Amino acid sequence: MADASPIGIFIAGVLTLGIFSFLYKDNPVYKVCEAIFIGVSAAYWAVEYFYSALYKKFWLGVIPPEGSGADPDMWLWGGAILGVLMLCRMIPKINWLSRWPLAFIVGATAGLYMMTFFVSNAMNQIASTMQPLIQDTFLATLGSFTVAIGTVTGLIYFFFSKEHKGIFGGAAKVGIWFLMVTFGASFGYTVMSRMSLLIGRLDFLFSSWATNFGQMF
Amino acid sequence: MSRLSRLSISRKTFLTSLLSLLVFAAYSAPLLAQDSDISVTDSTSAELEGAPAAPTNVLAVDHKYDIGEAVDVSWDLSFDDTAGMRNVAGYIIYRSVAGSAEFDSIGAVFSLTSSFADIGLTRGETYQYSVSSYTLSGQVSEPIVSAEVTTEREWFDWDEVWVFILLVLIGGSVMYFIYHARKGKQMFLRKIAGLQAVEEAIGRATEMGRPILFIPGIHDMDDVQTIAGMTILAKVAKQVAEYESRIFVPTRASLAMTAARETVREAYMTAGRVDAYRADDIYYVTDEQFGYVAAVNGIMTRDKPATCFYLGAFFAESLILAETGNSIGAIQIAGTAQPAQLPFFVAACDYTLIGEELFAASAYLSGEAKQLGSLKGQDVGKVIAMAAVLIGAVLATLGSEEGMNIETFRGAFHGIWSVFGGGQ
Amino acid sequence: MKRTIPWIITIVTGFVLVIAEFVPPWGKMREDVLIYFQIISVFAFFLGGGSLLKINLQKVFSKRTDWEYALVTVVGFFVMLALGLFKLGNPEMATAGYAADLNANGSWFKNLFDAVKAPLSASMYSLLAFFIASASYRAFRAKNSDATVLLVSAFIILMGQTFVGVVATGWMPDWVSFFKVENLSLWLLAKANLAGQRAILIGIALGIVSMSLRVILGIERTHLSGGDE
Amino acid sequence: MGNTLAIIGMALLGLSLIYVLYRTIIGNPVSRRVVFVYVAFAAGLPLFMDLLPPVHVTPDVQALVDALEELPPNSKILAAFDYDPPSAPELQPMAEAFFKMAFKNDLDVIVMGLWPQGPQQADQAIAAALLDPDVQAMNPQYGIDYVNLGFQSGNEFVIQRMGSGFKAMFSRDQRQTPYDSIPVLQNIVNFSNIDFVMNFSAGKPGTVEWVQFAVDRFGATLGAGNTAVQAPQIYPYLRANQMVGLLGGMSGAAEFEKALGMPGAGSTMLLSQISTHAIVILFIIIGNTAYFRTRKRKNG
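Protein chains in written order, with my numbering: chain A, 1 to 217; chain B, 1001 to 1424; chain C, 2001 to 2229; chain D, 3001 to 3300.
Don't take every hint at face value.
What the hints assert, rightly or not - To list a few chain B residues with every Cβ distance to chain C over 12 Å, as calculated: (1) Thr-1056; (2) Ser-1114; (3) Ile-1178.
Said to hold, decoys possible - The calculated DSS-like cross-link candidates involving lysine-lysine, where the alpha carbons are at most 27 Å apart (straight line), are: (4) B:Lys-1370 - C:Lys-2002; (5) B:Lys-1304 - A:Lys-165; (6) A:Lys-165 - C:Lys-2002; (7) C:Lys-2028 - B:Lys-1304; (8) D:Lys-3167 - C:Lys-2028; (9) D:Lys-3167 - C:Lys-2180.
To be verified - Where chain D lies over chain A, by a calculated footprint (3+ residues, C-beta under 8 Å): (10) 81-93; (11) 158-164.
Hints in this document: simulated from the structure, not taken from any laboratory.
Computed from a predicted model, the values in this text were never measured in an experiment.
Glycine included, each C-beta is placed from N, C-alpha and C at the ideal position.
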């Protein structure tokens, strides 16, 4: 936004204040901002996807521009066919056909995610936990024990088919505490990030917008 | 080859060859331009004055477990790289196709590097490689030629065999318990407060005569969390239909809208109230994350839902939604597998499903034996994971002093294997 | 028939993609599927965008409450759509035609993005700062042991990031330096937080394996089981 | 002048919190709106001051700086910009410092983005870095010292396909120049030709995906700058040695600037952040003090 026009900066500032007005209560200014936001952003993404997916990926994929040397990728037609089936929803007689692409996507997501998360989340995380427990210093040893115990008790908390009673219940309690430490840490870290967003906005209002405002009037 | 050792090689490389790339660029530009002129005989006859010792033992092997498009070239470092003149700046790799004497240069690497991966080859083709060392002043050793190598396609990635075995083990136990549960076996399930509250929350909205808001996360159907949200939506919508209440589902993605409409209509049909289903209550807003949030905030303050469900993938908007929901006095039930957002839901909502609980929720709510069985299968997975963590840590403690990485993970599993099976 | 085919599609795609992880020649399928997904979602936008327009236009024509705002949405939508699709005012149009970069500097699409969409997005996002404070005041209370642990951990991390916290524990001698707030918060993040994260991540992976299997096996098929309309 | 007024304002703000505490204890807590006003002042007032807060460089930041400074001239860095304007306050200062460092050390930077707006953020950061006199002395040229390949949709699968060849995903740069005719991209086929991957990330796809694909599958060396909220999720990967270093949030940016010896926006805004931080901490304390007082009263 560094080189935005004065009018652009002016509008940006007004819209910023409009959104902030929601903090007081819902009001017509916020409603206008919301309405503009929905309309403009929905179209923004429609255009972005149209050019990046339909034009760049699909169209240039099946009909490569001359001289690019690429072979037409006939597989891409499959996606287009599924896409057209999706549109069958609009025709009542054959709208059940739209379940095919939906079924495809659900199956594909299930299959892909299962593997990606299994490898990255489960295997790699377990593997990284396999550290020697005894380390050079007392603190490092304490740390590796903490990680091992926390991981195991945390998993115990998630057990569904065993009642949290006795030793098992105690371990589950320790587990939930570890989860709470994690949440606390995430919260503590998040505060910083969120505050910086506001600071960025205020900085814009006080410097760019105010200066611009002074120059405009 | 482990990632760690690769890393340490490149470190050393950086330290020892600070200027090599620059010089190489200046040198190799004309070299690369000549391209096919460089043949084995040319360079051998060149006998440049002060040319460095050539690398030795050049090996070219088909890259394992791929579709036959890569060859791994390796060699022993030139004598002048590690000792001797110590003037080697790097190595140049050449390739020839199927016995032709024409060697083309295909790439170069820093000094102290002894491998190169040639990618983008043709399957079933036979190649031959040669490697030369070169110095900072631009002198090139004679190239050492490898044996011929033919690229092959393989049908199973043996590097992933442990992933496969574990997947079969865990997936198998999930399926086993699904099957087992079918036979009408009773099983214990611990209580999850958030799920027990679902019916009460819907009832409350009905009593108050206010709608229910359901947000299936802000991702599209290509996120498994959204699918989890939809499976829960099915159960919620069925109860909403039975209570003759009303449910709003604004979505951030068009596909998610379509899926939600299918889901809700089916739920109304199961409840025998398909006439009460309103497609327009399930609608697409915008793909823009915060545009969507602005709209949902508006819906909340204007329609004042008595109950809000946030089940799916959530990011920064989690707290905006939860605090706005709180300001209108709604009962809020949330669930996500985004660890960073869980603290906000835990703090600001009445009930929160943590990570794995989100995926178990629809099974819980369905109460079907088959679905509940799968949860028991998950627990078996947890036992395996815990055992791996503990045994792995013990083995690591007894074994090496170095930290373990993915490669030694497989080693550790070999260890477990030998404990139980006695084999290698 | 109407129920069986979608089910078969789910089973086949699901299993093929799981197996593709282990079969190198099938590896490309995993990438192709994602392009498929993108293409399908563009088509699906006709449904989503259509629903958006339908609902808002209905509001406008029936003059329901807040119909004025619905009109604003519709106008905003068409303006941005036209600017983007036809790449109006795009300086690269002259040379590159429709291959021009959509977000080229100076194009009207980019200008509207900068003046409207970007600031709205950033402002909405920054509301979070306010809500964090109100949630801290209202909700972060040590009601029970779990909440207390959460609070203490959050507090240590928060203090560890400020120099007040660093000064407050700066007097500690070296042998208890572990308890200096900056060290303690790093330890919490690197160890205890790590353990919790790992438990959550492993749990999620197992949950996904189980749910994916339920979906692929057709035990969980609410999304596609619709009746025989 | 502004400085004095702002400091007085901050002091008054702090004192008035005693009243909030009193209201909360007597069981009549202040409304959300009052809390909001406090946040606005706490964030806004310090922007009128020109003090710099003290910064302590943590090991994770130092490790990243060391790894970057160790790179010899003309090393190739792949810089992935995976964020959008809302995260710019935190990540932009990092990106600017990064480009300044890269240009001063004569490193070659290849910019790309998995987020549509990422490459634009990179352009802004480059423009800001080019204002630096030391950078101007090096006179970095587009196409020779750096290039912006632009955005490519497909999330983590872009990284996966880049493993077999960058060109497959980026046949042209953002200025529509063909890949092969860009000097800085000569001899760059895939990750094996890249010396360092630097990722600026505000979510998904982001650092996690770069670890999972570029590091785990293709053996890249990775460093990252993350928003503070993302950082805790990245720690497991950092501790598992899947990356060399990490910058977390605005304090990470300020530390990065300090370790590189080039103070910038990150250091300036840190003061605002510290005061809003303090407000949040104080509200937690007030809320809990009141909670314990009322509970004691009920019990006793």
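Against which earlier hints does the structure fall short, listed by number upward? Going through the list in order, the structure violates hints 3, 5, 6, 7, 9, 10 and 11 and respects the others.
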